[in-house]
Amino acid sequence: MKKIKIKVNGKVKTVLNNSKLSDLLNNLNIPIKKVAIELNQEIIDKKRTSNIKLKKNDKIEIVHFIGGG
Amino acid sequence: MAEDSLKKDKLIIAKKKFNSRLIVGTGKYKSMSECAKAIKLSGSEIVTVAVRRVNISNKNKPLLMDYIDPKKTTYLPNTAGCFNSKDALRTLRLAREIGGWKLVKLEVLGDKTNLFPDMIETLKTTEVLAKEGFRVMVYCNDDPLMAKRLENSGADAIMPLAAPIGSGLGILNKINIQIIRRQTKLPVIIDAGLGQASDATIAMELGCDGVLVNTAIAKAKKPFEMALAFKNAVVAGRQSYNSGRIDKNLMGYPSSPSEGII
Chain A
1 MKKIKIKVNG
11 KVKTVLNNSK
21 LSDLLNNLNI
31 PIKKVAIELN
41 QEIIDKKRTS
51 NIKLKKNDKI
61 EIVHFIGGG
Chain B
70 MAEDSLKKDK
80 LIIAKKKFNS
90 RLIVGTGKYK
100 SMSECAKAIK
110 LSGSEIVTVA
120 VRRVNISNKN
130 KPLLMDYIDP
140 KKTTYLPNTA
150 GCFNSKDALR
160 TLRLAREIGG
170 WKLVKLEVLG
180 DKTNLFPDMI
190 ETLKTTEVLA
200 KEGFRVMVYC
210 NDDPLMAKRL
220 ENSGADAIMP
230 LAAPIGSGLG
240 ILNKINIQII
250 RRQTKLPVII
260 DAGLGQASDA
270 TIAMELGCDG
280 VLVNTAIAKA
290 KKPFEMALAF
300 KNAVVAGRQS
310 YNSGRIDKNL
320 MGYPSSPSEG
330 II
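Those protein sequences? They're chains A and B, same order as listed.
Here the first sequence stands for residues 1 to 69, numbered as in our numbering.
Here the second sequence stands for residues 70 to 331, numbered as in our numbering.
Errors might be hidden in some of the hints.
Claimed, not checked - Derived lysine-lysine pairs resembling DSS-like cross-links, with alpha carbons at most 25 Å apart:
id, chain 1, residue 1, chain 2, residue 2
1, B, Lys130, A, Lys59
2, A, Lys34, B, Lys181
3, B, Lys86, B, Lys200
4, A, Lys34, B, Lys106
5, A, Lys34, B, Lys99
6, B, Lys317, A, Lys46
7, B, Lys130, B, Lys84
8, B, Lys181, A, Lys46
9, B, Lys155, A, Lys7
10, A, Lys59, B, Lys140
11, A, Lys47, B, Lys76
12, A, Lys46, B, Lys171
13, A, Lys11, B, Lys130
14, B, Lys200, B, Lys97
15, A, Lys46, B, Lys141
16, B, Lys181, A, Lys33
17, B, Lys181, A, Lys47
18, A, Lys13, B, Lys85
19, A, Lys55, B, Lys141
20, A, Lys34, B, Lys290
21, A, Lys7, B, Lys99
22, A, Lys33, B, Lys140
23, A, Lys20, B, Lys99
As the list claims (entries may be wrong) - Label-pair restraints from in silico Cβ distances:
id, chain 1, residue 1, chain 2, residue 2, range
24, A, Asn29, B, Gly202, 45 to 51 Å
25, A, Lys47, B, Lys254, 23 to 29 Å
26, B, Ser126, A, Asn17, 19 to 25 Å
27, B, Lys290, A, Asn29, 46 to 52 Å
28, A, Ser22, B, Ala305, 19 to 25 Å
29, B, Glu201, A, Ile32, 21 to 27 Å
30, A, Lys2, B, Asp180, 24 to 30 Å
31, A, Lys56, B, Lys217, 48 to 54 Å
32, A, Lys47, B, Lys217, 37 to 43 Å
33, A, Ser22, B, Lys77, 22 to 28 Å
34, A, Arg48, B, Gly202, 18 to 24 Å
As the list claims (entries may be wrong) - Chain B residues, not near chain A, derived (Cβ > 10 Å throughout):
id, residue
35, Lys76
36, Thr95
37, Leu133
38, Phe152
39, Arg162
40, Ala164
Hints are computed from structural coordinates only; laboratory data are not their basis.
Heads up, the beta-carbon is just placed ideally off N, CA and C, and yes, glycines get one too.
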C-alpha cells in the first residue's frame, strides 16, 4: 500500500493512501465529542469524517478546550 | 427580605440567567484539580476556556472537560492569544464546533507587552460574529465611545479592562467605567487587571454587572481562600450598590444626637 505524508497539529505523520479521516482519529484515540477538526483550514462536520479521504500534504488541526483566561 | 431580593437579582447575558456575578478564568493553575476546586469555591457559573491543539503525542493527558463539567458550568470560549480578526474568527468558529457554543468571549490583542486590546480589529470581528449568530462578550478598553460602538455592532456584553491583563493593578479609571455603565443597556463585566477581592467590590459598587477574574485567584498564595474572598466581595459590592450609598460630604456630621449632651 502506498503511503502519504500529512500534517496533524503541525507534526508530520505518515498514513496509508486512501485512508479516511475517521481512521486517523481512531488511531490517535481522539475523543471526538470533545474536539473540533479542521482540514486545510476548513471546519469538518464531525459526523462526516468517514466520508473524507486523506490526501498528500493535507493539513489537519484537532483542537479542544484547555484552561485559559 | 434583603436576602430574598439578592436571590432575585440575576445576571442576565444574552437572555441567559446566572445567580453568580463572578466569572472566573481557568488558566495559570498548578493543576486541573486545583482549578476545579477553586471554581467550585468561587461559586462561579461561567468559566473562560482557551482553544488549543490536542496533544497527539500524549494521549493520556487529562482533559479540562473531565474536571469541569460543561453541562453544569457554562464554558465561555475565549480568543486569548489572538492578535487579529482572522485568528479570532477561526478560533471561535472551532469553539462552536466543539459542542455548539454560541456564547463566546472575544479578545483581540494589539500589543504583546501591555496586552491592550486592538479595538479596530475587535470592532470588526464583533460585527462578523454577531451576523453569524454568536452571542459575543467583548473585551475592550475602558473607552466609552468604543464601548458604544461595540454595542451598536451587536455585542451582548461589554467587558472593559480594569488594568492590563494579569497586572493586578485594580480599576484605574473609575469615571470611564461609570460612564460606560450609565450609557449602555448591555451588561458591563470588568475583565482583567484585578488584584484582590476589594477590587471586585469596587467594580460592583460602580454599578458593573459582574467581574471576570483569573490571575488574582490562580496566582494567589492560597487560591482556594482567594476564590472564596472574591465570591464574597462580589456579593458585598452588589448589595452595597443596590442599597444606595450616602452622599459624600466635605465636613463631619455627628452620628449621635447633639440634644441632651451632659
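Evaluation of the provided hints:
1. Simply put, Lys130/B and Lys59/A have alpha-carbon atoms about 23 Å apart, close enough for the 25 Å limit, and the pair holds.
2. At most 25 Å may separate the alpha-carbon atoms for a hinted pair to count; Lys34/A and Lys181/B exceed this at roughly 30 Å.
3. For the suggested pair Lys86/B and Lys200/B, the alpha carbons sit about 23 Å apart, so the restraint of at most 25 Å is met.
4. Restraint check for Lys34/A and Lys106/B: the C-alpha separation of about 22 Å stays at or below 25 Å, so the hint holds.
5. Restraint check for Lys34/A and Lys99/B: satisfied, since their Cα atoms lie roughly 23 Å apart, inside the 25 Å limit.
6. At roughly 60 Å between alpha-carbon atoms, Lys317/B and Lys46/A are farther apart than 25 Å, so this suggested pair is violated.
7. A hinted pair counts as satisfied when its Cα atoms are at most 25 Å apart, and Lys130/B with Lys84/B does not qualify at roughly 36 Å.
8. Between Lys181/B and Lys46/A the CA atoms are separated by roughly 35 Å; this puts the pair beyond 25 Å, and the hint is violated.
9. At roughly 21 Å between alpha-carbon atoms, Lys155/B and Lys7/A fall within 25 Å of each other, so this suggested pair holds.
10. Distance hint between Lys59/A and Lys140/B is unfulfilled; the C-alpha atoms sit about 32 Å from each other, more than 25 Å.
11. With a C-alpha separation of about 42 Å, the suggested pair Lys47/A and Lys76/B falls outside the 25 Å cut-off, and the hint is violated.
12. Taken as a hint, the Lys46/A and Lys171/B pair is honoured in the structure, with Cα atoms around 18 Å apart against an allowance of 25 Å.
13. For the hint linking Lys11/A to Lys130/B, the alpha-carbon distance of about 18 Å falls within 25 Å, and the restraint holds.
14. Annotation: proposed proximity of Lys200/B to Lys97/B is violated, straight-line Cα distance about 33 Å (limit 25 Å).
15. Restraint check: the Cα-Cα separation between Lys46/A and Lys141/B comes to about 24 Å, which is no more than 25 Å; the hinted pair holds.
16. With a CA separation close to 33 Å, the supplied pair Lys181/B and Lys33/A exceeds the 25 Å bound.
17. With a C-alpha separation of about 38 Å, the suggested pair Lys181/B and Lys47/A falls outside the 25 Å cut-off, and the hint is violated.
18. Restraint check: the Cα-Cα separation between Lys13/A and Lys85/B comes to about 43 Å, which exceeds 25 Å; the hinted pair is violated.
19. At roughly 40 Å between alpha-carbon atoms, Lys55/A and Lys141/B are farther apart than 25 Å, so this suggested pair is violated.
20. Pair hint Lys34/A plus Lys290/B does not hold up; C-alpha atoms about 32 Å apart against a cutoff of 25 Å.
21. About 31 Å separates the Cα atoms of Lys7/A and Lys99/B, which puts this hinted pair outside 25 Å; it is violated.
22. Pair hint Lys33/A plus Lys140/B holds up; C-alpha atoms about 13 Å apart against a cutoff of 25 Å.
23. Distance hint between Lys20/A and Lys99/B is unfulfilled; the C-alpha atoms sit about 38 Å from each other, more than 25 Å.
24. About 33 Å separates the C-beta atoms of Asn29/A and Gly202/B, a value inconsistent with the hinted range of 45 to 51 Å.
25. Against the hinted window of 23 to 29 Å, the Cβ-Cβ separation of Lys47/A and Lys254/B comes to about 39 Å, which falls outside the hint.
26. Taking 19 to 25 Å as the suggested C-beta distance range, the pair Ser126/B and Asn17/A conforms, at roughly 23 Å.
27. Distance hint check: the CB atoms of Lys290/B and Asn29/A are about 38 Å apart, inconsistent with the given range 46 to 52 Å.
28. Against the hinted window of 19 to 25 Å, the Cβ-Cβ separation of Ser22/A and Ala305/B comes to about 53 Å, which falls outside the hint.
29. Distance hint check: the CB atoms of Glu201/B and Ile32/A are about 23 Å apart, consistent with the given range 21 to 27 Å.
30. At about 49 Å, the CB distance of Lys2/A to Asp180/B disagrees with the hint of 24 to 30 Å.
31. In this structure the hint that Lys56/A and Lys217/B lie 48 to 54 Å apart at CB holds, the actual value being about 51 Å.
32. At about 42 Å, the CB distance of Lys47/A to Lys217/B agrees with the hint of 37 to 43 Å.
33. Against the hinted window of 22 to 28 Å, the Cβ-Cβ separation of Ser22/A and Lys77/B comes to about 49 Å, which falls outside the hint.
34. At roughly 21 Å, the beta carbons of Arg48/A and Gly202/B sit within the given window of 18 to 24 Å.
35. Chain A leaves Lys76/B outside its interface by the beta-carbon criterion, the shortest separation being 29 Å against a cut-off of 10 Å.
36. With a minimum CB-CB distance of about 4 Å to chain A, Thr95/B fails to clear the 10 Å threshold, and the non-interface call is violated.
37. For Leu133/B, the shortest C-beta to C-beta distance to chain A comes to about 5 Å, within the 10 Å cut-off, and the non-interface label is violated.
38. With a cut of 10 Å on Cβ distances, Phe152/B stays outside the contact zone with chain A, its closest approach being about 15 Å.
39. Against chain A, the non-interface label of Arg162/B is violated: not every CB pair exceeds 10 Å, the least being about 6 Å.
40. Separation of Ala164/B from chain A is inadequate, the least Cβ-Cβ distance of about 7 Å not exceeding the 10 Å criterion.
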